[in-house]
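From first to last, the protein sequence lines stand for chains A and B. Per the working numbering, the very first residue in the first sequence carries number 1; after that it's consecutive. Per the working numbering, the very first residue in the second sequence carries number 1001; after that it's consecutive.
Just to be clear, a hint being listed does not mean it is correct.
[To be verified] Within a straight-line C-alpha distance of at most 27 Å, the following computed DSSO-like cross-link-like pairs (lysine-lysine) qualify:
#, chain 1, residue 1, chain 2, residue 2
1, B, 1034, A, 205
2, A, 220, B, 1201
3, A, 198, B, 1201
4, B, 1201, A, 49
5, A, 198, B, 1228
6, B, 1155, B, 1228
7, B, 1018, A, 205
8, A, 198, B, 1034
FYI, nobody ran anything at the bench for these hints, they're computed from the structure.
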Amino acid sequence: MAKRFLSGNEAFALGVRLARPQVISAYPITPQTIVVEKLSEYVEDGSLKAEFIHVESEHSALSCAMGASSVGARAFTATSSQGLLYMTECLPYAAGGRFPIVMMNANRSTALPWNIYGDQRDSVSQLDSGWIQAYAENAQEALDIALMSFYIAEHPIVSTPFMANLDGFVLTHTYEVADVPTIEQADEFLPPYRTKNKMSLSEPKNLAFSAGPESNTIFKLKEHLGVLNARTVISEAEQRFGKIFGRHYTGLTESYRTEDADYILITLGSISGLVREITDKLRAEGKKAGLLRIRYLRPFPNEEIAAAIRNAKAAAVLEKDISFGNEGTVYTNVNSALQKAGINIPTSDYIGGLGGKNISAEEIEGIFAELEEEKRTVKFLGTGGEESGSQCKNAQ
Amino acid sequence: MAVNAKTLNETEFFYGHKACAGCGGSLAVRIALKVLGENAVAVLPAGCMSAVGFNFPQLCFGNNAIISTFAGTASMLTGIEAGLRAQGITDFHAVGFAGDGGTADIGLQALSGAIDRNDDILYICYDNEAYMNTGIQKSSLTPFGAKTTTTPAGKNIRGNLRPKKNMFEIVAAHGIPYAATASVGYINDFMRKVEKAKQIKGTKYIHILAPCPTGWGIKTDDTIEIAKEVVDCGLWYLAEYENGEFKLNYKPEEFSSVGDYLKKQSRFRHLTDEDIKVIQSSRDAKWEFIHRNFK
């Protein structure tokens, strides 16, 4: 293991190299480009033995990855924003085909208006596509998720594609110190991809077929169970990872000082670091603040959220997406988890960071302060603070 | 040894499917797979052949086969070829079978990308000159004058107003190692071209005209005849592109009647003598080009 000063993209690319993908399909889009640039360099210098395919679009990037996966090859691609949306047709296709492709998505705003900076509307809009969705907080976690993602996706009881999300620029382009495992350690962690779900010359198959009304539901149920099974496999992968690399992760969520917290802020991705600092600051002032970081949006951590929030007086979601005409989608999901668990505390939703807008420490402190009022609101941060719409009442 | 009716593989790789009687496309797929053999790995996008061949649990390919997205025939072939090669497997043929819409319209970008990379794949376009699977809508390979369900023949407009897109030369303009045109009416010529493509490294493209009795308005036992006639009257041609040169494979001594060819098909029945003249003179212009530029 060696410490290196790495951007999120570079860290992720190193993690991918350690996973030895056999086929990489690449199409550039800001702020993902460095990942595919780095991987092309690794192929050039011989440190990664993979077929590197210069596809002509994101649709072809994922279509090519599906082709590779359909013959049992380990496949990787990366995208962002408009590119993710351009390949949208292929997302449920890969999931329905049970092709365990790993794709990095550099979270970026979606047009219009054009904007290259980070928010999570791109990936959150694809929650229903059947992919596992992870959100990294920092470069180290990005690298570690890159390596773990193949283990999780390819596990026979999962066999589901994996989207690893990194906040555009804030994480993809920011340099931090990260430990880079050795290839020997990585090989010990990650076995080669083996599957029966492939076309082989010795055992020909017809794949990606049609299934009419009488059999369609059972295929969809199995797909759903595959994503749900990722819950246990993520936990298994992290235990295995911890033993080999000495770094430990906490499954679908990470709780920080939530045990006795009165007011909990739920968020995901790179903003969690700042929320953690504010939590410490408020704790030092005697306020019972807590952070619940969502690491995986699919499978969704219903139980983990309920367990963390159960004894709080109020909770808020801070998220970089909005489902227009309703509320933030993470908020919708969180409320569903609480309702199912019979927890009825006030929750609020704060939409922030859209198009890369900075979320300040003061704004996060402001959210914690408003939590003490125990209201139910949906607000856009940085727009003057007025409540945004009647929908928050309907969410009660 | 040249492949012909006598030497053709007896094994069937595409059978038990639900294609319409007289389907030219299914014949092209069946024959091509016999030439390519059991190690063909076939990609078929959304379209007639995937709709008739992949209805779980009735799966109709004896070799490996997969449905791609509509636009993704070539890109999925690329992934399959790279994926097998990355595992040290080389004794296979990655082959795509896409219709005219899947090739000349929605799949053109991915096909262009694959040719640009010179991926080692064979792409076969079975051209039945419209979106037949969805009920006969115009594609960019629908010929001038043809009536489809989106180019109705009425008082104001008499069917499709645009000529067929020239896929063969578009593909050749990429500098592809091998491209060819074919017709199910000249099946020996098609088999020879598939056999040839099988030996060539890099991207290969074969464009085979494949009549659709349902969409063309012909009798189901007239498929082969009409597929011969389209070549004989000069509205289609058998050619190859190789080493940067075009080569004509068959030159009819004398063209048969364009009018007779068109009038046999209900999709053209509304055409006036004037329309037929327009089609005939565009044929003549094409053949002038062929004589000038093809060997």
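Tested hints:
At most 27 Å may separate the alpha-carbon atoms for a hinted pair to count; residue 1034/B and residue 205/A meet this at roughly 17 Å. Our distance criterion of 27 Å between C-alpha atoms is broken by residue 220/A and residue 1201/B, whose separation comes to about 40 Å. Straight-line distance between C-alpha atoms of residue 198/A and residue 1201/B comes to about 25 Å, which keeps the hinted pair within the 27 Å bound. Between residue 1201/B and residue 49/A the alpha-carbon distance is near 22 Å, which keeps this suggested pair within the 27 Å criterion.
Among the hinted pairs, residue 198/A with residue 1228/B is inconsistent with the structure: their alpha-carbon atoms are about 40 Å apart, more than 27 Å. A distance of roughly 32 Å separates the Cα atoms of residue 1155/B and residue 1228/B; the hinted pair therefore is violated under the 27 Å criterion. Note on residue 1018/B and residue 205/A: the hinted pairing holds, with a Cα-Cα distance of about 19 Å set against a maximum of 27 Å. Annotation: proposed proximity of residue 198/A to residue 1034/B holds, straight-line Cα distance about 22 Å (limit 27 Å).
Against the hints set out earlier in the document, violations occur for numbers 2, 5 and 6.
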